[in-house]
Amino acid sequence: MEINEFVKNFAEQFDDTDMSVFKADTAFRSIEEWSSLIALNIISMVDDEYNIQIKADDIRSSSTIEDLFNIVKAKMQ
Amino acid sequence: MKNLILIGARGYGRVIYNLAISCKGYNTEYIIKGFLDDKRDALDGFAGYPPVIASVEDYQIQQDDVFVCALGDVAEKKKYSEIILNKGGEFISLIHPTANVSSNSVYGKGCLISFNAFISADVTIGDFVTVQPFTMVGHNSVVGNWCHLDTHMFLGGYVQLGNEVTIHTGAIVHPHKKVGYGATVGAGAVVLRNVKENTTVFGNPAMRLKTE
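Here the protein sequences come in this chain order: S and U.
Residue numbering for the first sequence follows our numbering, starting at 1 and increasing by one per position.
Residue numbering for the second sequence follows our numbering, starting at 78 and increasing by one per position.
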């Protein structure tokens with residue numbers, strides 16, 4: 001698993017936010033479009049793309065995209 | 078007067094026969110000549126239908142023939158329609174009088190738009206698209222060629238469907254979502270994320286059915 005690909009997959013769950021906003025150190029909750037529905041879509045994306053089940057708590061405890069990436073990566077091992 | 082020929086005399090063929098006799102073109106623009114089906118006894122035991130004339134493969138196109146393809150499966154619909162297209166056959170679209178096609182919305186040839194379908198404003202529907210009863214297609218949506226939209230499905234505004242997409246009964250596609258070429262959305266699925274081409278999604282929220 002690679003961080004840039006994870007950031008891209010993360011960004012694709014947003015409809016209205018410009019792709020350039022999304023970086024590894026982006027604090028995703030501060031993005032205006034962020035919502036509980038997008039949180040659900042992130043969980044579903046991680047399951048689909050990485051075959052890893054994360055919980056709402058994993059998202060809650062992450063502040064940047066990279067934080068979540070590290071949680072997913074840890075679950076892969 | 079044109080002679081309308083329906084491809085497929087099975088269950089869906091009989092359904093589309095009823096659509097054809099309900100449209101305002103019936104007996105004014107076309108009469109119904111019969112069905113094409115390789116199962117010549119497909120209508121045995123069913124009263125009141127025009128005959129099965131020949132198989133799609135064997136039929137020789139006559140002057141004033143026009144066609145619709147009454148096959149529910151996207152791949153079969155494409156296969157048999159293309160046999161007739163390759164012989165130079167002309168397809169028409171059938172729009173039930175109770176279907177609502179709103180302002181600036183357009184559809185191509187060979188479409189079947191059934192009763193109480195609601196096509197909202199500024200929608201673009203391609204060729205050979207099947208729109209079943211009680212469907213809702215949201216404003217500014219784009220529906221590719223050969224798609225099949227089953228009964229009670231809903232597309233939100235600005236949804237984009239690629240070619241050869243099947244949306245099964247009662248599925249919901251959220252606004253702005255894209256469903257890629259050849260994808261299938263299962264019955265009752267709630268699509269919250271884009272669907273990749275040639276995949277099948279199911280459930281709420283809709284998840285990809287994995288093949289491994």
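There's no promise every hint is true.
Pairs of lysine-lysine, BS3-like flavour, derived with a Cα cap of 27 angstroms [to be verified]:
#	chain 1	residue 1	chain 2	residue 2
1	S	Lys-23	U	Lys-255
2	U	Lys-155	U	Lys-110
3	U	Lys-254	S	Lys-23
4	U	Lys-287	S	Lys-73
5	U	Lys-155	S	Lys-8
Only some residues are given here: those of chain S computed to face chain U with a beta carbon under 7 angstroms [unchecked claim]:
#	residue
6	Asp-15
7	Asn-41
8	Ser-44
9	Asp-48
Because the hints were derived from the structure by calculation, they are not lab data.
Just so you know, even glycine gets a beta-carbon here, dropped at the ideal spot from N, CA and C.
Comparing the hints with the structure gives:
Restraint check for Lys-23 of chain S and Lys-255 of chain U: satisfied, since their Cα atoms lie roughly 24 angstroms apart, inside the 27 angstroms limit. With a C-alpha separation of about 22 angstroms, the suggested pairing of Lys-155 of chain U with Lys-110 of chain U holds against the 27 angstroms cut-off. Taking the CA atoms of Lys-254 of chain U and Lys-23 of chain S, the gap is about 23 angstroms. The hint holds against a cut of 27 angstroms. At most 27 angstroms may separate the alpha-carbon atoms for a hinted pair to count; Lys-287 of chain U and Lys-73 of chain S meet this at roughly 21 angstroms.
Restraint check for Lys-155 of chain U and Lys-8 of chain S: the C-alpha separation of about 35 angstroms exceeds 27 angstroms, so the hint is violated. At about 5 angstroms, the closest approach between the beta carbon of Asp-15 of chain S and any beta carbon in chain U falls short of 7 angstroms, and the interface hint on this residue holds. Taking 7 angstroms as the C-beta cut-off, the interface hint given for Asn-41 of chain S holds, the closest approach to chain U being about 5 angstroms. Checking Ser-44 of chain S against chain U: minimum C-beta separation of about 5 angstroms stays under 7 angstroms; hint holds.
Hint status for Asp-48 of chain S relative to chain U: holds, with the closest Cβ pair at about 5 angstroms, below 7 angstroms.
Comparing the model with each earlier hint shows a violation of hint 5 alone; every other hint is respected.
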